[in-house]
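Participant: Sequences listed follow chains A and B, in order. -3 is the number of the first residue of the first sequence in this note's numbering; add one for each residue after it. -3 is the number of the first residue of the second sequence in this note's numbering; add one for each residue after it.
Derived coverage of chain A by chain B (criterion: at least 3 residues anywhere in the stretch with Cβ under 8 Å from a Cβ of chain B; other residues may be distant):
id: 1; stretch: 2 to 13
id: 2; stretch: 38 to 51
id: 3; stretch: 173 to 187
id: 4; stretch: 221 to 234
id: 5; stretch: 260 to 273
In case anyone wonders, no lab produced these hints; they're calculated from the structure. Just so it is clear, CB atoms sit at the ideal spot from N, CA and C, and this is done for glycine as well.
Number of protein chains: 2
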Amino acid sequence: MRADTRAEEAWARERRALAAVARGDAPADRYVHGGLVLNVYTGELYPAHVAIRGERVAYVGPRDDMVGPRTGVIDARGRTLVPGYIEPHAHPWNLVTPAALARHVLPLGTTAVVGDNLSCYQLCRAPGFARAMAALSRLPLRYYWMVRIEAQAQVPGEAAMFPLPALRRLLDAPEVVAVGETTRWPRVEAGEMSLLRRAALAALRGKRHEGHTAGAKPERLAAIAAAGVTSDHEPITADEARERMRQGIAVMLRQSSLRPDLAELVEPFAKSGSLGRLMLTTDGSTPAFIAEHGFVDNLLRVAMRQGIPPIEAYRMATLNPATYFGRDADLGGIAPGRYADINLLHDLEEPRPAAVIARGRLVAEGGALRVAVPEPDWARIFTPAATRFTRRWRLAPEDLALPSGPIPVIRLVSAVITTAEVRPMRADDLHLALVDRRGGWIATTAIAGLATDLDGLAATLSTDCEIVAAGRSRAAVARAVNRLLDRRGGVVVVDGDRIAFDLPLPVGGLMSRRPLPDVARAERELRALLVARGYPWHDPLFTLLFLTADFLPSVRMSSRGVWDVKRARVLRPSQPLAAGPR
Amino acid sequence: MRADTRAEEAWARERRALAAVARGDAPADRYVHGGLVLNVYTGELYPAHVAIRGERVAYVGPRDDMVGPRTGVIDARGRTLVPGYIEPHAHPWNLVTPAALARHVLPLGTTAVVGDNLSCYQLCRAPGFARAMAALSRLPLRYYWMVRIEAQAQVPGEAAMFPLPALRRLLDAPEVVAVGETTRWPRVEAGEMSLLRRAALAALRGKRHEGHTAGAKPERLAAIAAAGVTSDHEPITADEARERMRQGIAVMLRQSSLRPDLAELVEPFAKSGSLGRLMLTTDGSTPAFIAEHGFVDNLLRVAMRQGIPPIEAYRMATLNPATYFGRDADLGGIAPGRYADINLLHDLEEPRPAAVIARGRLVAEGGALRVAVPEPDWARIFTPAATRFTRRWRLAPEDLALPSGPIPVIRLVSAVITTAEVRPMRADDLHLALVDRRGGWIATTAIAGLATDLDGLAATLSTDCEIVAAGRSRAAVARAVNRLLDRRGGVVVVDGDRIAFDLPLPVGGLMSRRPLPDVARAERELRALLVARGYPWHDPLFTLLFLTADFLPSVRMSSRGVWDVKRARVLRPSQPLAAGPR
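Same shape as in the complex, but just chain A (with noise of 0.2 Å):
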């Protein structure tokens, strides 16, 4: 049988079962008894069970008569029942894997999460992350994805990182939901062929293109939105919000680790007859900040509490992004024929639900996850040479010195913007370097305003998946990278020649192993240790994250060396690694 006969017979298959039960001719397989529905398509609160086969709804109403002997029957007296939220916009490759990140925000109520595919495709290329994404399609939380067709940061070799046949075949999967997010935006903006040749694959499969418009000024935005940009979460006021609307941009209003905007960005949304096209999004929040105040629930009580009418809010996190996303038919409502996602909450004020069902099954209760979540077999997608950590090498003091003449001293002015000060090296500077995980070039130059009395430090945190290194002492600071050298990945800081802090990241240089929780203290202990060093913003993480973010201003690190954002150029080249492979 040809796959798409399968897949036919599949689909017809599954709709006569659930019509079946939906007639009464057939017993559910689980029953949702005594609860209150809100009806997101009507705006309606009211009483109804839900019936289930499968993985989704078959019925929603008053009978009972498909109840069998073996129907599972799910006690949801005095509970409302809202359909499982949808995170639009999520970088689940961020310290915890996705399905670590699955097993926290499930018994949160999120039940569907739109992923960045980035930084697996970064580093494993098409076949590794499309290995990822099937292994991930069979967790209780839905991942659909948002595949990238430019890199975060300028690398080498970028074009052949994205060849057309193999985005073509991942746009067809219908987990992929949509291109991006496009963070170059001047790129879309200058309408560039090699971009709009890849972003014409979703275009033509009726699928997005998610953007990113970190302040494009109004008059900028028409030509993203006339070059096909679908989407944005950029906005940090609620005008710029709405400029991106006016364009017929779809906006998902933010609330991250990075920028907690969406009490400022949602208020002036409340009186607005004109939510339909509206999102909300933790982008790429951290695991300290989901722990402290949870995933797509901490969204809906942010925009409750500014106003924002309870339907209305639910729906900015069900049906909005299932109807954004083409994915309407299947989610974002609790009707037949929907996944049967469902949060069972103890009222509607209180969006952290007391029982959560994804794909049709009790998954948590009381916060707690009774199934269970595996993880992908990681070895075979972050493989040795997707890692790169495939040859012993080591870093020496001397590969970080520095001339004693000027050099593009880069300086943070918040937690990710950046300046650049020509001029020497001074004692309150740190070195500062960007690492070859292959061990074949390092980029150096001082920083200032990241910390003052940090020794050594390094991570396998970038945009671009090299180590990023810094610290006053030379020989600290090789000490961490070698250290993160021998664990093939993480988070390191060295005092003198004392390991202070070690978070081990061995799927890929980029996750732990450890649950959300567990990662999130080690996050908040690196916090706290680089505060006590003198580290004055509020983000470590993406303040290491992001100097290779050269969609950024105005100075970052790349594998050329230290990078002048808006001149387009080196402002001092990276170097061959004497430690590096022979």
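Guided by the hints, dock chain B onto chain A, whose structure is given.
Facilitator: The following block gives chain B in isolation, referenced to the frame of chain A:
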């Protein structure tokens, strides 16, 4: 170059050009100057110019730096700009051609129509319909299609009429946005696999399944929704509309010649905050109704008269259908990247536009069409083989003879609803026949409640594309049928031996080649003539059309004979025709 590469390249080039105009780096083709724009995304109304490049909007805003010496400027001062209207559910083979319909409704502001493919498909099958679709894809009015997966009425060889490979190819076409409408909803409710396998073709491509659940009780809707039906246009009360919305089914509120229900349907929703999944439709309105009342413009007028706020009314006819069909990146709003389909209104309260822009060009002004709307080459689509008028044959009066004993007499109890009376034919009954276009068979009985003083009537209008004929005089009926056979399609009324009315429908026996207002006059003339002969209902065209519609109660004509819908059995079998092919 492969077809997908070509499409990607074309898409990218178009977007590059649009972005250049938006930046002010290239001249616009057209520039709509000085109007107020209704922004359906934000609900705002504000002054803005609109720059157009090719078929699409490149820019909306205050700038004019994209106006070059060859840019055509359209003066919109004093005008309000709203998106072109979308008719989400039409039957565009109804007495006039799709092109003639487009000529009439473009000046009324409708710039996109989702059309039923049934009549054309039933006669011409997939290759013929595909040819029609290709020709119609070049009109200034944009045709999209819903593709049937079953016949409107049971016909012999129905399964062979809808082969999966041909349907797969049709569903791959970007103009095809749905399957359906599926009128025999009990088959959906029952989960019939042959139907669901065909419905799968849409679902697996993210496309829609247009429902038709006339008369379905609330408790039967769940199985229909569970089986994957995504919309319904059949509610005749607001309660019926709400019941379907509750099931997650998107509802199209209808104002048609047969069912002018919109005022009653829409009024209870005036104060609702849940209008995002509501649309408006004219369904199968006849030319006379369209000529008298208008098209989507009329729906807007009725909705606003009932208290729907203008912004919501316009959304119901623009953004909502565009979103429902997954086309909001192309349609439904005035924003960069969207098709430049724009109505220039005197003011928001009057939806009939002062001027209409479609595919980026001014196509109508002051109600008059300004561009050519070419007809497809119908002779290549409705070939002699397809239209079935292939043989010379004649109907004889004796072919209509009925026995003197009891027969299943059909009684009309409304324009379209029937009951059966088993009794001998009476003097005030009419003869009724359904006749094979090829002359192979005839089904006969008597009918009451159609007219009293009608000698003979014949029409090539029926949902199964055969000939329906009625009258008190067998000779007059035979004469009417034979006139049709000469004409190869039409509607004929005979008084004695005189032709009293003759509307040729040479395109497939379905459509005139004349403009809509001319055909509307003929339709009114026919109605007056039938009323004068005792026709007591309001819509003779649908009376004739639906005499074969076996999704309606309770007895219908079919190729098998007189058909009891509920019991699914033949009450009086059809007969081979002596005059038929030898």
